[in-house]
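Protein chains in written order, with this note's numbering: chain A, 1 to 116; chain B, 1 to 116.
Derived from the structure by calculation, the hints contain no laboratory data. Do not take every clue at face value.
[What the hints assert, rightly or not] Coverage of chain A stretches by chain B, computed from C-beta distances (three or more under 8 Å per stretch; other residues unrestricted):
hint : stretch
1    : 51–61
2    : 75–81
3    : 104–116
[Stated by the list, open to error] If you anchor each label on the Cβ, the simulated ranges turn out as follows:
hint : chain 1 : residue 1 : chain 2 : residue 2 : range
4    : B       : Q2        : A       : F10       : 31 to 37 Å
5    : B       : Q2        : A       : T114      : 31 to 37 Å
6    : A       : T86       : B       : G53       : 38 to 44 Å
In this text, a Cβ means the ideal position worked out from N, Cα and C, and glycines have one as well.
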Amino acid sequence: NAGVTQTPKFQVLKTGQSMTLQCAQDMNHEYMSWYRQDPGMGLRLIHYSVGAGITDQGEVPNGYNVSRSTTEDFPLRLLSAAPSQTSVYFCASSFTGLGQGKTEAFFGQGTRLTVV
Amino acid sequence: AQSVTQLDSQVPVFEEAPVELRCNYSSSVSVYLFWYVQYPNQGLQLLLKYLSGSTLVKGINGFEAEFNKSQTSFHLRKPSVHISDTAEYFCAVSVMGGYNTDKLIFGTGTRLQVFP
Chain A
1 NAGVTQTPKF QVLKTGQSMT LQCAQDMNHE YMSWYRQDPG MGLRLIHYSV GAGITDQGEV
61 PNGYNVSRST TEDFPLRLLS AAPSQTSVYF CASSFTGLGQ GKTEAFFGQG TRLTVV
Chain B
1 AQSVTQLDSQ VPVFEEAPVE LRCNYSSSVS VYLFWYVQYP NQGLQLLLKY LSGSTLVKGI
61 NGFEAEFNKS QTSFHLRKPS VHISDTAEYF CAVSVMGGYN TDKLIFGTGT RLQVFP
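If we strip away everything but chain A, and leave its shape as in the complex, we get (with noise of 0.2 Å):
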């Protein structure tokens, strides 16, 4: 299994360019996660899916959009970057935890993001 696959790991934007960053996982997970990592503040989620067609917002949510129309994958669109989103991108999916606190997230690598 590769598990959550990101792509792509390096991108360097300029300001009001729009891209994509891709998220694959192979697990059959039904939830999948969006955070950004910023120095000194950890991680902040910024949307997430807890199945294919249902989305919600997370705590910073500005700035991007996101959909799931298949069980696998997870895109982040980023509408018109601007240098406040440089930052490391992680994708993350888990079981659906249900209220349980099941939730173990497996995370991808990584996409680090530059706008300038």
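Chain A is already provided as a structure; the job is to place chain B on it using the hints.
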């Protein structure tokens, strides 16, 4: 709102010395707590988790953590560290999200630096 606080941003330690990484949580309901490790340029990997039962939880690579409800703490310990333990460590709490699922809220991380 549930949250976690990691009291130390950096912990330097010599090889073979013991180490404790501190984590405090705030919650008014049952908690489920996790420690994740991030090695350089990699994604996050689960070290251990507390869901219920014994308050002393053992994880991978010789790490353990103790859940202390009265002190609202979940400190991570290892009796003798190795150079290979150099990494960033994140404490996380599972909170109820939308659609009756869990989502993880992370602390800001503690960078463990092991010196020879």
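Each hint, compared with the structure:
1. 51–61: Three-residue rule met by the stretch 51–61 of chain A, so holds; n is 3.
2. 75–81: violated (count 0)
3. 104–116: holds (count 6)
4. Q2/B - F10/A: 31 to 37 Å: Taking Cβ atoms as reference, Q2/B and F10/A lie about 34 Å apart, which means the hint holds.
5. Q2/B - T114/A: 31 to 37 Å: Holds, at about 32 Å.
6. T86/A - G53/B: 38 to 44 Å: holds, 42 Å
Comparing the model with each numbered hint stated earlier shows that hint 2 is the single one that does not hold.
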